[in-house]
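**Q** Each chain is listed here by its residues.
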Amino acid sequence: MYIGYSDGLGQTAAAATISSADSKLVKRVTPAALCGVSRSGGNLNVRGWPNITHVVIHTLIGSAATTIEHWHSGQDCFPPHYVINKNGEITQMVAEYYYAQHAGTANTYSIGIEHEGGCTNTPACFSESLYQASAALVRDICERQKIPKNREHIIGHDEVPGTDHGDPGGYWDWDYYMALLQWDGRSASQKPQRIVLDYNSLFTFPLTANWKEGTRKWVKWGPGHEQSYAAKYYYATADPAAEDDDAVEYNGTITESGRWTLSAWWPVFMNSNPAAHINVATNNRDPAQRSFSAVYDQRKSGLMARRTVALPSTHTWMAVHTLTLNADDGVRIQVSRRSSERGQVIADAFRLLKT
Amino acid sequence: MYIGSTRIDNQTPSQSTAFSAPAAPVTAPVLSADALKKAVTLNRVYARTIGWMPYMRQIAARLGITAKNPDIWSFAQALANWQARNMMKRPDGILGPEWHDLLTRNR
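If you read the protein sequences in the order shown, they are chains A and B.
Numbering-wise (this note's numbering), the first sequence opens with residue 339 and increments by one.
Numbering-wise (this note's numbering), the second sequence opens with residue 6 and increments by one.
With a straight-line Cα cutoff of 27 Å, these simulated DSS-like cross-link-like pairs (lysine-lysine) come out: (1) A:K692 with B:K73; (2) A:K555 with B:K43; (3) A:K570 with B:K43; (4) A:K362 with A:K529; (5) B:K42 with A:K570; (6) A:K558 with A:K570; (7) B:K42 with A:K558; (8) B:K73 with A:K529; (9) B:K42 with A:K555; (10) B:K42 with A:K424; (11) A:K570 with B:K73; (12) B:K43 with A:K550; (13) B:K42 with B:K94; (14) B:K73 with A:K424; (15) B:K42 with A:K550.
If you're looking for bench data, these hints aren't it; they were derived computationally from the structure.
The structure presented is a predicted model; accordingly, all values stated were derived computationally and were not measured.
Pulled out of the complex, with its shape left as it was, chain A reads as follows:
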């Protein structure tokens, strides 16, 4: 659908930067101002298949509507090709065959997508509808432009050569996003599923009063290794004589049958515990899928580290174990206060991902 503008600037830009949407998923077309695209003399530079090889994921701090207006009016001259708002509505601003000035050195060979509500200091910014809409759009782009749906070709702004921008950062769930991209978009039973259990979950509780609440440190570009996943998390001083039930317990219910990978996230501090015990139990019928235990050194940032161009070491999920589970199976995860080593045990977040 094309929506024109009545003001002279909009009509001029519309004629120049885009005339109609490239994807059927686009809800509206709002042309970017001419200053936002690459030109030679008076003409826009054009590229086409096979010169478009990458998609760059950006996140937008601020409202999509206001920012789109800035890009449309020329108040800002760095538009992407697409903007997705928090509700998953897609606006196209620059035709794919033009060079939008969204990502420095990657402008010539990439398509840029900005995401509203995105930010680099909390995962709460990235809504489910945002992930779903973005994945559907990128699937469509990749199929039309014959771009491989892998991490070499679908990159973050923070991975563009030479960039100093830290978006989308470590809170963008690349594992989940890439699983959504690789899904065919149709078969419900194959659809990737994600369950995050953290401080905000209804069935997450410290089972004793020995656990205290910590608050996530603020960060602009990140997260760094000291940032928790949730805005708050639990911690306790380890005790070798702690009771069995002296733990933070996370209870989840499996939404679809299949292979689920359990991952963990906790902030890393110097005084954290070098031998923290994590115990997982399920009520699956197969005894092999019923329990799992592991001990982790919570001082080691390398367990959860990811490197990007702009972020030398950002925090991310660490895979713990994979289980084959059925829909409605219960999963109980406990982070125990019992440890033979000194240091604080941290209980932050767990993710169950079916891909």
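Starting from the structure of chain A, add chain B where the hints point.
**A** Leaving out everything else, chain B in the frame of chain A:
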């Protein structure tokens, strides 16, 4: 990244724990941000000290929460709705000693 003027609230709960709204309440009080924060804080304590934590799944079902992995913020809102339906003077989303009543009452 384009950085506008609006900051995102760091305390917004995770979106990954989807919540399906309970059956339409007679009245639908929306707790203010402060009231919601207070309710969530106290519910965490009361669940253990008053002892309704073991019954949490039944309580959530009673409140009309159908999501398999709901969040504690939605729980407080759903509870406030239930309190309003049951003519409590000041629905606050905090579950105190009336939790047993919640499980046994007809409405």
